[in-house]
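Asks: The primary structure of each chain is shown beneath.
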Amino acid sequence: MTAATNSARETTVFKRPGVVNQSWWIWIGLAGLALLPLVGGKTGLVSNFAFLQLSLMIVYAIAVLGLNLLTGFNGQISLGHGAFFAVGAYTAAILIDQADWPFWATLPMAALACFIAGYLFGLPALRLEGHYLALATFALAVAVPQILKYRHLEPFTKGVQGINIFKADPPFGLPLSSDQWMFLVVLAVAIVLFWAARNLLDSRIGRALRAIRDQPLAADTMGINSSHYKAVTFGISALYTGVAGALHAIIFEFVSPDSFRFELSIAILVGAVVGGIASLPGAVIGGVFVQAIEKYADALTKKISATVHLPLELQPWTIYGIALIILIYTMPTGVAGGISSLRKRLTRYRG
Amino acid sequence: MMQTSRRLLLASTIGLAFCMASPATAQKTYDEGASDTEIKIGNTNPYSGNASAYGQIGRTIEAYFKMLNDNGGINGRKITFITYDDGYTPPKAVEMVRKLVEDDKVLLVFQTLGTPSNSAIHKYMNQKKVPQLFVATGASKWGNPKEFPWTMGWQPDYATEGGIYAKHILATVKEAKIGVLMQNDDYGKDYFNGFKAGLGKDADKIVQVATYEVADPTVDSQMIQLKNSGANVFFNITTPKFAAQAIKKAAEIGWKPVHYLNNVSISVGSVMKPAGLDASQGIITAQYLKDATDLQWKTSPDMIEWNKFMDKYMPQADKSSSYHSYGYAVSATMAQVLKQCGDNLTRENVMKQAASLKGFENPMLLTGIKVNTSATDFYPIQAVQLSRFEGESWKIFGDVLSNEGASQ
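Chains as they are written, first to last, in numbering that gives the first Met the number 0: chain A, 0 to 350; chain B, 0 to 407.
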């Protein structure tokens, strides 16, 4: 894992080193997204369900970003981020369902709860490296759904049947549907979080994180308090994924222990690797991947089965696996890395 | 002259009145998903994952509606059946059902499968006022018209079934020591609670309860645990994959209790055969459908029709799997409801007609079991007959046990 997260593989799709300007087309893209509800929604071009899908993609992008911060930029592997996603989701769901909190107030609470959870988990876990840390986080991922099903917690968690909550209507009587309003909310939160991550990584702290990832011994010698930074990074990473979980609960309107099984942790990790493990734009690609892949695998399988008559029954997971293998083989640093090397190759021809 | 023109005026006025009156009676009313030419029905089924054996039900329903369409549809309208995979996981079910309602704009959602998945969409369907009809689960909570008027079950409810097994144990097994294997979710708990209620003060006869998760690969360790508890009666609350594993393991470790298997896993093709026909001898269950492997139904007209249907529309399918009779039977109920709707295809009328099935002789139901619903009775089928697995098929015994009219 450390080889894959080497700083040499960090992708610089948007940022030219040393130059702090933001590419103009990010602004155009964001503006386009922000106007989507007004343009697409009103004309009925983009359905409410499509807005839900887009919101979910952004939510998973935030979750993948959390993992990127920890694994890509700090070199600590985690197979358990589904657990933090679940903690954030349940925090939001319980506060909305039982304490009648407005949804926006649950986000800071979920963030706080997950930061504490991540930090507390990070403290003992930072003594573990590589496989052992992976196992510890794996244990967390497997344990959380069971804890959520625990009999004595049922008054809060409502056990296996889960909690149903309902989206709030847009405030100030805006002419938007709930789905469109939540899309804007999720977009705004994502922009704030990505901006914060960008600043964190560009700062002294970000450099310390990378140092710990690349040369832990040298970092210690230089006076960087590794234990402190590692635990804090775990906390921040959990915070990001937890906020994503809270947003997911709010827009999906449903949480249950089975929504956060171990497969979710794997899905987030796969999304991070496919997008680009040490890259911010990679997190966005990863988020889109997590949300879209199952549907595409399913649809593609149906199309192939309909046109080509194979002797065996094709399963969506087969397509998923083949797609993953091809992706990792052709783009080991993820899609973001692939785009970055493509750009480099093109500029080389130009120059 | 004047008289003729007055008569003419009167006649033409009456004639005009009639012309105005008739369109009103022939008026067609539609909600989203219904039109002059089609009725859109939505569904989710587990076509993948640990419960994918149930996916045969979705395929059977698809084939049934195709057969209906080939024969002209219902009241001249074709059925467009849209079904998605939910992998037996609640979040996926929620997403796919939202797609059906908001994107595909179906008139109603029919036979969504699984207690956990249906629990997840329960409030949503009632909030959106879209029928959640004849759900493929027997949990008791689907028969609650006061709080959830848009949801209705179909098969006999789990709690009643569990209670029937409990009563049978108390009547036939001396010094029963009961071991229970149950799925750790709503469905498992429903059966278990009904079972305990049926035992009443004898609930302490349960010596061991082992649970498993849907995502577990096997239930071997639970089976060993149950054998070691010394139980001589086994209540098996499992979905098909785990039922087959449990039956097989019990035979392997030489445990021969009096074995009660829940109705959702009695498919000969998907459970008894993989488990081993020898291992399955003597297992008791409660049935309400005619089993295709039971030769006593060979000459009954609905079974002959069903065989014709299977041969034409599902030639590759394994007829010994009870999911094909189940899918056929529940689709027949749906077809009856739509027929009763006539030209008034609003969601409200669909629910009204679903709640107006009086003694409907549904094909494939056991003799003496009929479909009955009313505004206060949202449990269409409330009768079962005990049956025992002998040889290669289920053989019913005893009387039809009915819970009709019991307050739920």
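It is possible that part of the hints are untrue.
Unchecked claim - Okay, derived cross-link-like pairs now, BS3-like style, lysine-lysine, Cα gap no bigger than 27 Å in a straight line:
1. B/K104 <-> A/K302
2. B/K195 <-> A/K157
3. B/K195 <-> A/K294
4. B/K104 <-> A/K301
5. A/K157 <-> B/K98
6. A/K302 <-> B/K77
7. B/K145 <-> B/K311
8. A/K294 <-> B/K272
9. B/K255 <-> A/K148
10. B/K122 <-> A/K157
11. A/K166 <-> B/K128
12. B/K176 <-> B/K255
13. A/K157 <-> B/K140
14. A/K157 <-> B/K77
15. B/K318 <-> B/K140
16. A/K301 <-> B/K338
17. B/K122 <-> B/K65
18. A/K166 <-> B/K104
19. A/K166 <-> B/K200
20. B/K338 <-> B/K65
21. A/K301 <-> B/K351
22. B/K195 <-> A/K301
23. A/K157 <-> B/K311
24. A/K157 <-> B/K145
25. A/K302 <-> B/K311
26. A/K166 <-> B/K122
27. B/K145 <-> B/K176
28. A/K166 <-> B/K98
29. A/K301 <-> B/K200
30. B/K128 <-> A/K148
31. B/K39 <-> B/K173
32. A/K302 <-> B/K128
33. A/K148 <-> B/K122
34. A/K302 <-> B/K357
35. B/K145 <-> A/K166
36. B/K318 <-> A/K301
37. B/K140 <-> A/K294
38. B/K39 <-> B/K255
39. B/K104 <-> B/K122
40. A/K302 <-> B/K65
These are calculated hints, taken from the structure and not from any lab test.
Asks: Each of the hints needs a verdict: does it hold here or not?
Replies: Going down the list of hints, with the structure as the test:
no.	hint	result
1	B/K104 <-> A/K302	23 Å, holds
2	B/K195 <-> A/K157	22 Å, holds
3	B/K195 <-> A/K294	42 Å, violated
4	B/K104 <-> A/K301	22 Å, holds
5	A/K157 <-> B/K98	26 Å, holds
6	A/K302 <-> B/K77	24 Å, holds
7	B/K145 <-> B/K311	42 Å, violated
8	A/K294 <-> B/K272	33 Å, violated
9	B/K255 <-> A/K148	32 Å, violated
10	B/K122 <-> A/K157	15 Å, holds
11	A/K166 <-> B/K128	17 Å, holds
12	B/K176 <-> B/K255	13 Å, holds
13	A/K157 <-> B/K140	16 Å, holds
14	A/K157 <-> B/K77	42 Å, violated
15	B/K318 <-> B/K140	31 Å, violated
16	A/K301 <-> B/K338	32 Å, violated
17	B/K122 <-> B/K65	31 Å, violated
18	A/K166 <-> B/K104	20 Å, holds
19	A/K166 <-> B/K200	45 Å, violated
20	B/K338 <-> B/K65	16 Å, holds
21	A/K301 <-> B/K351	37 Å, violated
22	B/K195 <-> A/K301	45 Å, violated
23	A/K157 <-> B/K311	47 Å, violated
24	A/K157 <-> B/K145	22 Å, holds
25	A/K302 <-> B/K311	24 Å, holds
26	A/K166 <-> B/K122	13 Å, holds
27	B/K145 <-> B/K176	39 Å, violated
28	A/K166 <-> B/K98	17 Å, holds
29	A/K301 <-> B/K200	54 Å, violated
30	B/K128 <-> A/K148	30 Å, violated
31	B/K39 <-> B/K173	54 Å, violated
32	A/K302 <-> B/K128	33 Å, violated
33	A/K148 <-> B/K122	21 Å, holds
34	A/K302 <-> B/K357	43 Å, violated
35	B/K145 <-> A/K166	24 Å, holds
36	B/K318 <-> A/K301	25 Å, holds
37	B/K140 <-> A/K294	31 Å, violated
38	B/K39 <-> B/K255	49 Å, violated
39	B/K104 <-> B/K122	18 Å, holds
40	A/K302 <-> B/K65	20 Å, holds
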